[in-house]
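Engineer: Construct the complete structure from the given sequences, taking the supplied hints into account.
If you're matching them up, the sequences are chains V and Z in order.
My numbering numbers the first residue of the first sequence as 1 and each following residue consecutively.
My numbering numbers the first residue of the second sequence as 1 and each following residue consecutively.
Calculated directly from the structure, the hints in this document are not laboratory data.
Ideal Cβ positions, reconstructed from N, Cα and C, are used throughout, including at glycine.
Check before you lean on any hint, since a few could be wrong.
Residues from chain V shown here face chain Z by an in silico Cβ test under 8 angstroms; the list is partial [as the list claims (entries may be wrong)]:
(1) GLY16
(2) CYS17
(3) ALA99
(4) ARG235
Each chain, written out:
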Amino acid sequence: MSKPKLGVFKFASCDGCQLSLLSAEDQLLELAGAVEIGYFLEATSKIAPGPYDIALVEGSITTPHDVERIQQVRRDCKFLITIGACATAGGIQALRNWADCDEFVQAVYASPQFISTLATSTAIADHVSVDFELRGCPINQYQLIEVIGSLLAGRRPRTRVHSVCLECKRRGTVCVMVAQGTACLGPVTQAGCNAICPSFNRGCYGCHGPAAQPNLVSITNQFASDGVPKEQIVRSLRSFNGYAPEFRVEGDRLDASQESGE
Amino acid sequence: MTQRTIKVNAMTRVEGEGGLYLKLRGNVVEEIRLEIYEPPRFFEAFLRGRPLEEVPDITARICGICPVAYQMSSIHALESALGMTISPEIRKLRRLLYCGEWIESHALHVYLLNAPDFLGYDSGLDMAAEYPDEVNRGLRMKKHGNQILEALGGRAIHPINVAVGGFYRCPRRDELQRLIPDLQWCLDAAIETTRWVATFDFPNFQSDYQLVSLSHDDEYPMNEGRIATSLGESIAVSDFENEFEERQVAHSTALHSLRKKTGAAYFLGPLARVGLNTDRLSPTAKRLADEVGITWPCYNPFQSIVARSLELVHAFEEALAILREYQPARPAKINYEIQSGEGCAATEAPRGLLYHRYHFDDDGKIAEAKIVPPTSQNQPQIESDLRRWVTQILTDDDAATARKCENLVRCYDPCISCSTHFLKLKVDRV
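Structural biologist: What follows is the structure, given as structure tokens:
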């Protein structure tokens, strides 16, 4: 039987999530033996044409050309898996979605007319159907290996959708919000990082995106009653996963109430 | 006279996306462009209005391969603006973090991105079939570099533990010291790596480069110093923008940086660092630099792989020295008072000098940010190299010409994702 063909595609991003694959040093050669790597520009000069059995897609859609390219990737693959906050939520570059992008171009480039970019940075699922989304900025390499391994075995990936809080409890980390009054997005953020930030004495900043059914209003009310200024709460929601629907809706609600002086 | 165009639509084994375009009339190069079409992400624009303490977490996302470099340059610039002096213990831990990043990035580049060019493979993974011991050696060094980053930074990609003023928490002694046995193995592996890559067949290709790197009286440059050049200059980092200037070119989303007064291109990265700081290498790395039969400074870009390997040796040796005497810093983070300020800093990313400048208001919110990554600085030099290299390797076969051009570009380890505010070869034969 022929090996499943893997493609790794990149859109606007920092390369960190595809690097997670190369950072799985102990499994890398085994994995490379189990699949045919058809397209993975960062790792190999050998390029095989599609179709691909599995496409891993990193990065968000920010240019007219990329809108067309993702359609082609979708046509060329059986399973399309997005990896990381850029591909699943637009990434940090989605901060432009609340700003004037022309002004951003002018702030960075002396000759803005040479720059072709969209006014928005959007998730892959906003453009094509996605079979599985792996969250994180960056993704966790063990989750990535689980996702690829499960597809090769023909079963659903076992990744966590509960909140970071459970990982904290499992590690035995003392709650930074309860014990120190540090604002922490752990209760509404999807697990997968192994709750690193609280173990280093800081609050979770939401880099794995929203957990399943998060109660954003409840946590922002808690932050407010702990004395965190509204403007700061909005900013904390608008970061690496700011354009994920749950974070976006609550951030926009608070922003509007701030402007109306409520 | 025949016209000919050679194009590489997407460069491989580099970080990020870009291409090459070559236009030839006969064997004369009419036009050569390194085309960086990585979409712009506008970090300098959206940093404005964010509080200064968020800057290291955000700038880390410029690059997944060298996030520490972005964190370190931004933190040093912000601390300079706040007039802060950090403790020697925190300073040492920051060097340890930088050692971890150099190891992870250099091992990746030497074994998976660059060595396949010298041995005739499409990838490090293909190379593993005939060179299993070597590739496994590279992967193991990379893994232990990542473990330094994880122990100190929380995770290898986008570490979470660095803060303006120091660290959120200093690791316990046992969390760091348990890395020592693996790193001792790695030091030997890095020595073998250097001897191995020094036996590669290097093209006879030299350029009269202007080498540029940080330089420091007492140490191998990583996170501070003055800017040294092979012209014998010593430039304060605060004079960076008087001496180096970014210009926009139509064919690239990365800006091009040149010497401001002369318009000259310059050369950054391990070859420049080793060349300008040979005497500051760790004792084992210094002995090896003499042993490998290269005269330093070296002006053959293909021998960057040797310099990069020497830096692996240095990084393991320095990391071991720091770990052996490690005691957690108290406090882990030095407090500061928010006030308006402006400051700049440069550190040595794995690919070369990385400059940041920030201006923030009374509330500590960023008013202006300027980030000059190593690849935008190397880009004019890469184009200038290609112009000369292509005449030396021009064959009738466009694919072979294109591949040899890519080989040269990869020696620079360009980080395309980083440089946008970078590769495909396209050759027009006219």
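Engineer: Work down the list of hints and note, for each, if the structure agrees.
Structural biologist: These are the hints, each one checked on the structure:
1. Hint on GLY16/V holds. Least Cβ distance to chain Z is approximately 2 angstroms, under the 8 angstroms limit.
2. Contact between CYS17/V and chain Z, as hinted, is supported at the beta carbon level, the nearest pair being about 7 angstroms apart and thus within 8 angstroms.
3. Hint on ALA99/V holds. Least Cβ distance to chain Z is approximately 7 angstroms, under the 8 angstroms limit.
4. For the restraint placing ARG235/V at the interface with chain Z, the shortest Cβ-Cβ distance is roughly 7 angstroms, inside the 8 angstroms limit, so the hint holds.
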